[in-house]
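There are 2 protein chains.
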Amino acid sequence: MSDANVKQLREELDSINLELLSLLSKRASIVQEIADIKTKQGVTKFDPEREKEMLDRLVEHNEGPFENDAVRHLFKQIFKASLQLQKDDSKKHLLV
Amino acid sequence: MSDANVKQLREELDSINLELLSLLSKRASIVQEIADIKTKQGVTKFDPEREKEMLDRLVEHNEGPFENDAVRHLFKQIFKASLQLQKDDSKKHLLV
Numbered sequence: 001m002s003d004a005n006v007k008q009l010r011e012e013l014d015s016i017n018l019e020l021l022s023l024l025s026k027r028a029s030i031v032q033e034i035a036d037i038k039t040k041q042g043v044t045k046f047d048p049e050r051e052k053e054m055l056d057r058l059v060e061h062n063e064g065p066f067e068n069d070a071v072r073h074l075f076k077q078i079f080k081a082s083l084q085l086q087k088d089d090s091k092k093h094l095l096v
Numbered sequence: 001m002s003d004a005n006v007k008q009l010r011e012e013l014d015s016i017n018l019e020l021l022s023l024l025s026k027r028a029s030i031v032q033e034i035a036d037i038k039t040k041q042g043v044t045k046f047d048p049e050r051e052k053e054m055l056d057r058l059v060e061h062n063e064g065p066f067e068n069d070a071v072r073h074l075f076k077q078i079f080k081a082s083l084q085l086q087k088d089d090s091k092k093h094l095l096v
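Residue numbers (this note's numbering), protein chains in the order written: chain A, 1 to 96; chain B, 1 to 96.
Next comes chain A alone, as it looks inside the complex (with noise of 0.2 Å):
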């Protein structure tokens, strides 16, 4: 029985991730036309008030079981994983 339930629960996760991934992928996609916007416009791309404000926003809407400050180092790791990638795309530019 518990071994059945683990087995749906795992399947349940599977379909997590691959729901995390997409989103996470679009929210990269995302990132960069804002930062390509920003390249032509000559500002600097990374915005460390912006970045304040939408951990605030997410906080805000933490309902757990996740604690506000797990909240905000996770989505640390996804806006410093966003920026990573500008800094490959530089490179790549710089490279050609």
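Incorrect hints may appear among the rest.
Any copy, or any two copies together, can satisfy a pair, since identical chains are not distinguished.
Restricting the straight-line Cα-Cα distance to at most 25 Å, the calculated cross-link-like pairs of lysine to any residue (SDA-like) are [as the list claims (entries may be wrong)]:
| # | residue 1 | residue 2 |
| --- | --- | --- |
| 1 | K26 | R57 |
| 2 | K40 | R10 |
| 3 | K52 | Q8 |
| 4 | K26 | D3 |
| 5 | K40 | N68 |
| 6 | K7 | G64 |
| 7 | K38 | A4 |
Think of the hints as simulated: they come from the structure by calculation, not from any bench.
Model the placement of chain B on the given structure of chain A, informed by the hints.
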């Protein structure tokens, strides 16, 4: 025109952030359910094989813009946060 685009893209980001939070929270609750069953069964909660299997499946489905390594890194952080949640839970159990 570009500023209006940035505004719209940022609104999309905000909405994706909240969707991510909701999925991450749902994911964490499922991990907690699995951990509860495993505790009752007296088996170890952390399963490196299962983690590897999930990461492999994610990389298999990765269509960018993240590199596979970035996907692995990001999801390891997500898995770690859920695992950390279990540790916090255990501590709470020890305290009551």
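Hint check results:
no., hint, in the structure
1, K26 <-> R57, "both (19 Å within a copy, 18 Å between copies)"
2, K40 <-> R10, "between (45 Å within a copy, 17 Å between copies)"
3, K52 <-> Q8, "between (37 Å within a copy, 19 Å between copies)"
4, K26 <-> D3, "between (35 Å within a copy, 20 Å between copies)"
5, K40 <-> N68, "neither (36 Å within a copy, 29 Å between copies)"
6, K7 <-> G64, "within (24 Å within a copy, 29 Å between copies)"
7, K38 <-> A4, "between (51 Å within a copy, 12 Å between copies)"
When held up to the earlier numbered hints, the structure conflicts with hint 5 and nothing else.
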